[in-house]
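**Q** Here is what each chain is made of, one letter per residue.
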Amino acid sequence: MTSRRDFFKLGAAVAAAGVSPAAMAALPEIVSMDRADTRPPLLPPNGRPYNPVVTLNGWTLPWRMRNGVKEFHLVAEPVVREIAPGMKAHLWGYNGQSPGPTIEVVEGDRVRIYVTNRLPEHTTIHWHGQRLPNGMDGVGGLTQPQIRPGETYVYEFVARRPGTFMYHPHADEMTQMAMGMMGFWVTHPKGPHPLIDPVDRDFCLLLNAYDVDPGSATPSVNTMLDFNLWTFNSRAFPGIDSLNVRLNDRVRIRVGNLTMTNHPIHLHGMEFEVTGTDGGAVPKSARWPEVTTDIAVGQMRQIEFVADAEGDWAFHCHKSHHTMNAMGHAVPTMIGVNQDGLAEKIAKLIPDYMAMGERGMADMGRMEMPLPDNTLPMMTGRGPFGPVEMGGMFTVLKVRRDQRRGDYSDPGWYGQPPGTRAQLWPGAVADPVRASGDAPDTNTDIEVTVRKPAGHSGH
Amino acid sequence: MPACPVSRRLLALTLASASLLGGCATFSPDGGFGAIQSETAARAGRDVVWSRDDATRAQTRARVEALLAHPLSADDAVQIALLNNPGLQARFNALGLAEADWVAARRLPNPGVSIGRLTRGSEVEWDRSLHLNLAWLLTMPLRAGIEARLFEQTRRALVLDVLRLAADTRKAWIAAVAAIQSEAYQRQAMDAAAAGAELAARMARAGNWSKLKEAREQAFHADAALAVARAGQSRLQARERLVRLLGLEHPDTLQLPERLPDLPAALPSLPDVEQRAMDSRIDLQMVRLQADALAKNLGLARRTRFINVLELGAISNASNEVPLQRGYEISFELPLFDWGQSRVVAAESRYRQMLERARQTAVDARSEVREACAIRQSQYAVARQLRDELVPLRQRISEENLYRYNGMLISVFELLADAREQIAAVNAAIAAQRDYWLADADLQMALAGSPGPAVLTPLSPASAASAAGAH
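From first to last, the protein sequence lines stand for chains Z and E.
Read in order, the letters of the first sequence correspond to residues 1 to 459 in the UniProt record's numbering.
Read in order, the letters of the second sequence correspond to residues 1 to 471 in the UniProt record's numbering.
It is worth saying that the hints were derived from the structure and are not from the lab.
Hints are supplied without guarantee of correctness; some may be wrong.
Unchecked claim - The calculated label-pair distances, taken between Cβ atoms and stated as ranges, are:
# : chain 1 : residue 1 : chain 2 : residue 2 : range
1 : Z       : Glu-344   : E       : Arg-230   : 35 to 41 Å
2 : E       : Ala-265   : Z       : Glu-173   : 56 to 62 Å
3 : E       : Gln-255   : Z       : Lys-88    : 35 to 41 Å
4 : E       : Arg-230   : Z       : His-321   : 44 to 50 Å
5 : Z       : Gly-336   : E       : Glu-249   : 57 to 63 Å
6 : E       : Gly-232   : Z       : Glu-121   : 45 to 51 Å
7 : Z       : Met-354   : E       : Ala-265   : 35 to 41 Å
As the list claims (entries may be wrong) - No more than 25 Å apart at the CA atoms, straight line, and that leaves these computed lysine-lysine pairs for BS3-like:
#  : chain 1 : residue 1 : chain 2 : residue 2
8  : Z       : Lys-190   : Z       : Lys-284
9  : E       : Lys-296   : Z       : Lys-345
10 : Z       : Lys-348   : E       : Lys-296
11 : E       : Lys-213   : Z       : Lys-345
We put the CB at the ideal spot given by N, CA and C, even for glycine.
Put together the whole structure using the sequences plus the hints.
**A** See below:
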């Protein structure tokens, strides 16, 4: 969704800064997005043709052609990003959202990017992975002066190498990236490429992490490791859209990691190959099949597979804490702790108290209890068979026979053919036959060590 | 030895004056107690009874029993003390003694009759005489005046005693009720700690927790139990103090309410409180009386000017009996005498001494009432702050913490620690409420006489931040 209003706003600001109306007209208009859902691919209206990508819960920035140069206008600014329904974060981003819009160009394009700073502090943009003149690399202080608030800088270079890239600030980088400033960049090959196969569906997403104290909205920028929101494109499950494809589509998913830790990204149901990194396409001889690929900090991976298995297939980071939303890492384990008689006593002091965790944490997925404002449940989401008990970096790849080409809409839950789903065993289960031997002795030892503290401290 | 001849004329005069004085020198029916009763009623709004006979004693006992049938309000407690405090009843007898002195001072001494028989040889001389204590007769008006003033002083001192007992009883009642409330909350805190300790033990039994963490929870529990024991002790002490003031033989009959009265919606304003104290303080009235007596004793008769003792400067307006009031100036005035007419330098010195003592009393009184007023005001602000801001804030914190617990962001131990902190805040609010009522009682007392040193109990340190063990 574009907003022309913002363009005029900027025009006034520039005029105030003493720039002539002619110079103002020379800037491409600012296009801004006010929604967090996945936008359909932007079919190139001009320039060299290419097969566009789909940015998960994001969009591609339109450009204008001017004397053969593709001109984009990025505005660095504070944004409100919906992380999932029920939670909005106060972030910094580009053109209305965090992450910023994806920039798609074609190998050999001359690209000119205007960067307007509407942040309260200076910024720059570094074009991660690009071959470009040193002065365009965007490292504040090192290759250019920082862009001060209110200023507009122009970057210009030729997109020389096709592949998967990102952009992010290189000025007060820690703060600005913790606040969500980043975006995706795809340079499509200008013709048939020996290592870059054409695909039917091409998705891209950035991995990001935030530490938003439950009940608040702004990330703690100084957090180094203990983040509590793990996101794909600044969205957390169940706010992440599904990846909807047609059966037997060749699918590419490009993933970049701008968090502070690695993420083993895992796909259910099918094997994939890593066909490229932010360093370029991987030689075919160097590719091997995987179902999980680890993406280190500051790395990008593009994985490819043929979606030849129908169904709803989970796609997620395999660190199980990263498929949770905000949780207390210091909460003690309550499994096996009988709270009979005690819960009532506690409830006398703390009305509405409810014993939790006695049998595990799955209660959490079921119960709907009041949480702090603007906080997502730790485990949540519903599927056709009950609570999905997930959060964070989790979504679903939906492979459907009848998904039309070019249709990215959600087909709903998969209708499993009869007899192909795990089912309840109605009969009795016999006690397992155990081999006799020293197993009981081992058990006794364990019993002793377990009982000891209780014996000393019981009262 | 020949009898001293007495001038007929002098004898007649003396007899006449003595009979005149003696004629009204009878005991008053109430022993001067009526004035105390009316003054007490005016100042404390309570009834005071001097149980001098069995009938009155039975009556007061019935009244006390009726009051003890219900949980006692502060006013009822004061009433019981005024009826039943043995110390006060004992002091009332000072009134009887003073009146006896005063009456005695106005009665003629019994005349003496003596018969003497002297023989010298054959001569027998009968000596018959009727004699009176002439010195007594001559000084009788003076002594009657002194005794009258002493009686008046005694009466005022007794009014002060009654009011002080009323204030002490009120304060003891406040302390006793607050102690009950506080103990109840300490018990709740202990329940929270007990739940934590029990849960910790169960967690250790299930293998989920270390001995260290279990011991920590048990230590919280033990601490909380100690606090309950201490609170119980305080409650007992406060109650026994009240029992003593009420003069109860059977303390079991004493029932107290569970809560202190609420704070007033707004702090009642006290305009001109310092001037009111100057006018109503009994200790100042007594000083005035003493100054008067001294002036009479020294023969300082001609009052020429007033002196504002607080400024120790003469006020120009002479011979005006109405106390001079200029705007908001605080005054406490005593007469000043024209020393030019005085014969005795010593008299001046003694009267000056008196004036300085009066000044001391007036300065103290004024400062005491100011202090009491300010403390009452600040205690009110503190109590309001705790009740209207801190306690609701702690409640909000607890609510938010429960949400965090629901989201598995914090554990039940944090909830319990938070409950303890909330209880501590409520406890601090009770202490502040108590201190407000104590300050209020002190101020009422300060308008009658010296309230004694202000006793301000510091609020429990747990009120502010987290004294209770945070995890």
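**Q** Determine whether the Cβ-Cβ distance between Arg-230 of chain E and His-321 of chain Z falls within the hinted range of 44 to 50 Å.
**A** holds (45 Å)
**Q** Check the hint pairing Lys-296 of chain E with Lys-345 of chain Z against an upper bound of 25 Å on the C-alpha distance.
**A** violated (77 Å)
**Q** Between Gln-255 of chain E and Lys-88 of chain Z, does the C-beta distance stay in 35 to 41 Å?
**A** violated (57 Å)
**Q** For Lys-213 of chain E and Lys-345 of chain Z, compute the direct alpha-carbon distance and say whether it is at most 25 Å.
**A** Holds, because 21 Å separates the two Cα atoms, which is no more than 25 Å.
**Q** Range hint 57 to 63 Å: satisfied by the CB atoms of Gly-336 of chain Z and Glu-249 of chain E?
**A** holds (59 Å)
**Q** Could you grab the alpha-carbon distance between Lys-190 of chain Z and Lys-284 of chain Z and see if it respects the 25 Å cut-off?
**A** Since the Cα atoms of Lys-190 of chain Z and Lys-284 of chain Z sit roughly 20 Å apart, the hinted pair holds (cutoff 25 Å).
**Q** Given the range 56 to 62 Å, decide if the beta-carbon distance of Ala-265 of chain E to Glu-173 of chain Z lies inside it.
**A** holds (57 Å)
**Q** For the pair Met-354 of chain Z and Ala-265 of chain E, does the Cβ-Cβ distance stay inside 35 to 41 Å?
**A** holds (38 Å)
**Q** Taken at face value, is the distance from the CA of Lys-296 of chain E to the CA of Lys-348 of chain Z at most 25 Å?
**A** Given that 25 Å is the threshold and the Cα spacing comes to 74 Å, the pair is violated.
**Q** Could you say whether the range 35 to 41 Å given as a hint is met by the Cβ separation of Glu-344 of chain Z and Arg-230 of chain E?
**A** violated (28 Å)
**Q** Taking the beta carbons of Gly-232 of chain E and Glu-121 of chain Z, is their distance inside 45 to 51 Å?
**A** violated (60 Å)
Checked against the numbered hints given earlier, the structure breaks hints 1, 3, 6, 9 and 10 and satisfies all the rest.
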